[in-house]
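There are 2 protein chains.
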Amino acid sequence: MPLELNSSAPGFEDAFKDLLAAKREIQEDVQNSVAAILADVRERGDAAVLEHTARFDRVTLTADTMRVTAAEIDAALASIDPGLLQALELAAERIEDFHRRQKPDALSYTDHAGVRLGARWTSIGAVGLYVPGGTAAYPSSVLMNALPAKVAGVERVTMVVPTPDGKLNPLVLAAAKLAGVTEIYRIGGAQAVGALAYGTATIGAVDKIVGPGNAYVAAAKRQVFGTVGIDMIAGPSEILVVADAANDPAWIAADLLSQAEHDTSAQAILITDDGAFAEAVKRAVDGHLKTLPRAAIAGESWRGHGAIIVVSKLDDAIPLVDRLAPEHLELAVAEPDALAARIRNAGAIFLGRHTPEAIGDYVAGPNHVLPTARSARFSSGLNLLDFMKRTTLVGCDPGALAAIGPAAVALANAEGLGAHALSVSIRLNGAPQ
Amino acid sequence: MPLELNSSAPGFEDAFKDLLAAKREIQEDVQNSVAAILADVRERGDAAVLEHTARFDRVTLTADTMRVTAAEIDAALASIDPGLLQALELAAERIEDFHRRQKPDALSYTDHAGVRLGARWTSIGAVGLYVPGGTAAYPSSVLMNALPAKVAGVERVTMVVPTPDGKLNPLVLAAAKLAGVTEIYRIGGAQAVGALAYGTATIGAVDKIVGPGNAYVAAAKRQVFGTVGIDMIAGPSEILVVADAANDPAWIAADLLSQAEHDTSAQAILITDDGAFAEAVKRAVDGHLKTLPRAAIAGESWRGHGAIIVVSKLDDAIPLVDRLAPEHLELAVAEPDALAARIRNAGAIFLGRHTPEAIGDYVAGPNHVLPTARSARFSSGLNLLDFMKRTTLVGCDPGALAAIGPAAVALANAEGLGAHALSVSIRLNGAPQ
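First to last, the sequence lines map onto chains A and B. Our numbering puts the first residue of the first sequence at 13, with every later residue one more than the last. Our numbering puts the first residue of the second sequence at 13, with every later residue one more than the last.
Hints listed in this document are in silico derivations from the structure and should not be mistaken for laboratory results. Keep in mind that the hints are not guaranteed to be accurate.
[Claimed, not checked] In silico lysine to aspartate or glutamate, EDC-like type, Cα no more than 16 angstroms apart, as pairs:
| id | chain 1 | residue 1 | chain 2 | residue 2 |
| --- | --- | --- | --- | --- |
| 1 | B | 325 | B | 286 |
| 2 | A | 162 | A | 195 |
| 3 | A | 179 | A | 84 |
| 4 | A | 325 | A | 256 |
| 5 | A | 115 | B | 117 |
| 6 | B | 115 | A | 117 |
[As the list claims (entries may be wrong)] Computed, partial: chain B to chain A, Cβ under 7 angstroms:
| id | residue |
| --- | --- |
| 7 | 97 |
| 8 | 150 |
| 9 | 214 |
| 10 | 217 |
| 11 | 267 |
| 12 | 285 |
| 13 | 370 |
| 14 | 375 |
Here the structure is a predicted model, which means the values were calculated and not measured. Yeah, the Cβ is synthetic: ideal placement off N, Cα and C, and Gly gets one too.
The shape of chain A in the complex, shown without the other chains (with noise of 0.2 angstroms):
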């Protein structure tokens, strides 16, 4: 059964802060195994990769047809479902839409000492993508990652995929097409992360590798992470909901499973004003088991992870949200944004009754991939500037060096760096302009 709890119970702080310490996740310990796969790669490149996967996928493939072809993707796009397609290009519009608007300025200014100042922003040049495969392979998740990186002016994307027995999910190259996405490799794992951090002779090394894997591919991307760029390495969903008593119970039931359906170890929560409706919400989750897909998933999550919270007042969530730091927060209340101005961390906040959070798993525009175990404390969703990255500028003529040099002489010279202060000082003592 979820963990139910007062905040105005004695004992409250001790279990509110062993649900914060709960970790949900078991760590596999790969780590020996992926650094040997690693190294392999590295030094045996195209044929180590063909190795592993036809050990890993059970798939036998050479040089030449690692790679996806056009026809095949041309192919699995026209064998989409004309709605299905549909709802995939209006995801794509409003995510490409919303990154868009992220664009960062770039900063260039000459300051009362002369100095000439700037930054600026160029796009990576190259960027890995990283789809699982199998029943993981999500379209939505393809866009989230690829139109980002299209949409900074990355030049070049590669994707790849495992195609476990050869299976492969059209619905994932569609997407791929759509993000303009066409060099796409049909590999995965810890081999897929080595060829695209290091490179083969097949598949030229990138920049940067996003997306999510399994733990193979998480422990690969930290143990690249320097040679290349990564982005973070996500945990397990979850979900916050804070909801009054003017909710249908029904509604926000469906929420917290739409994330506890993710995984037995996702986590849903909810916080409420209203003891009554907290039972009404636990009713409604009971009924909405018994007939989903994914119940048995939804419902180990459910009975695990999940947790109501009953507050006094609504104004007792904001501390407690703030500390659980959540993934995706529904503020399911009278007044969202009043609310929303007062929260710090969250990786998402959906506003308002008629905002799921699956809204934004899929259509509304804003990226899904969101920090998760509290790390929206500290960390944001992906977003347009991870695909980019920022050069500061200083000009200085003589004046602006005579201007600002001394104290740099003073202060390299206090640091005992005596080779920084010649640098300045040569330059003011009269020496050649």
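Use these hints to put chain B onto chain A, whose structure you have.
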């Protein structure tokens, strides 16, 4: 002797690849001892921090004396030479001014489907700043790490600095005070990182830890990542100077040595289109090395990791720069802006003959914490956004949900996620508003 390459010579590509792949750092394996210290601090709090401090720093503290007092901070500030204090103040003002101009804009609009969309930035709640002790205690680093946090609006900035044998650089305390940091603990190493990440009875836990440190500190930051955010793990410093023959060789030689003197693992590279100028710079380096206080370190770095690359024309430097992706790039050429515009990968660019890199280490304004080891291909220097995070917002009314909800239902069903579909469809089917 530094490596000498000519981009037109046979075998250049292989030699350049070796230069790119060269590892300059010896990774000390301190994983297990760091893990033990962190576990101890997590379990025993202050007591563990104090014991490890006694052992590593040879300083006996209590929970009450761990914190540097306001009187000590004021005394340190009062002890600074007035000229040096003015230099620190100028640096602080300029750094603060540059970072203040980076404040990101919030996004808020309603699209044609009636969906309210937005993104807002909030500061991180609490940040821990690690400052190394002993000779590597640089007041400029305190300013560069603390001021962006303050400008971002971080409410609590907590500094830790080890005091081996009780010694603490007064300049570090003075810089902290100028940056508005007054919560300072005289602890360091993995135990200080653990105290910041997990909190103790005396030291409140933070949300993110930034700042440079030795192998123990770097390993500890990696291990607590997830519990808290961390900044990049910086490698040895680097400078790449692109210079034509119109420069004074002695100036360019000083610039190369200004990074070489940091560390025997540092790297200084010159690219020039003139072989005679290259020779002149080499001679000038040898000349400077006769007088510089840190000549032993700078010389070892220059001989072990330095390089001079002669290209036929300056344009040929551009792809080499992008592949090296240097932390610091100096463009000591006639038209530095035009050249800078064609370069993608560099942490910071210094424009023209009168802009030595060291000006950026202290007083220019942009941050001196910059991506090393070719990571400027995918990452940026420390900036205001490192102390903020972004929350996206979505708000639908019944009409907006009716407009985009059916597409979400179609995609959720295609992905086999029935509760996702239900959470939208239950609101579309005439349920109470």
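| request: For the pair supplied as a hint, residue 115 of chain A and residue 117 of chain B, confirm whether the alpha-carbon distance does not exceed 16 angstroms. | output: 10 angstroms, holds
Per-residue hint verdict: residue 267 of chain B, partner chain A, C-beta under 7 angstroms = 5 angstroms, holds
- Task: For the pair we were handed, residue 325 of chain B and residue 286 of chain B, check the Cα-Cα distance against 16 angstroms.
- Result: 9 angstroms, holds
Agreement of hint residue 97 of chain B with chain A interface, Cβ distance less than 7 angstroms: 10 angstroms, violated
| Satisfaction of hint between residue 84 of chain A and residue 179 of chain A, Cα-Cα up to 16 angstroms | Satisfied, since the Cα-Cα distance of roughly 13 angstroms is no more than 16 angstroms.
Discussion item. Tell me if the interface restraint on residue 285 of chain B is satisfied: Cβ within less than 7 angstroms of some Cβ in chain A.
Written reply: 20 angstroms, violated
- prompt: With 7 angstroms as the cut and Cβ atoms as the points, is residue 150 of chain B at the interface with chain A?
  reply: With a minimum Cβ separation of about 5 angstroms from chain A (threshold 7 angstroms), the hint on residue 150 of chain B holds.
- Task: So, residue 217 of chain B near chain A? Judge it on the closest CB pair being under 7 angstroms.
- Result: 10 angstroms, violated
Checking one constraint from the list: CA of residue 115 of chain B to CA of residue 117 of chain A, max 16 angstroms. Satisfied?
Between residue 115 of chain B and residue 117 of chain A the Cα gap is close to 10 angstroms, so the pair holds against 16 angstroms.
Restraint satisfaction for residue 375 of chain B [CB to CB of chain A, less than 7 angstroms]: With a minimum Cβ separation of about 5 angstroms from chain A (threshold 7 angstroms), the hint on residue 375 of chain B holds.
Residue 325 of chain A and residue 256 of chain A were given as a pair; does the straight-line alpha-carbon distance stay at or below 16 angstroms?
Given that 16 angstroms is the threshold and the Cα spacing comes to 9 angstroms, the pair holds.
Original post:
For the hint on residue 214 of chain B, does the least C-beta distance to chain A fall short of 7 angstroms?
Top reply: Since chain A brings no Cβ nearer than about 19 angstroms to residue 214 of chain B, farther than 7 angstroms, the hint is violated.
Hint check: violations occur at hints 7, 9, 10 and 12; the rest are consistent with the structure.
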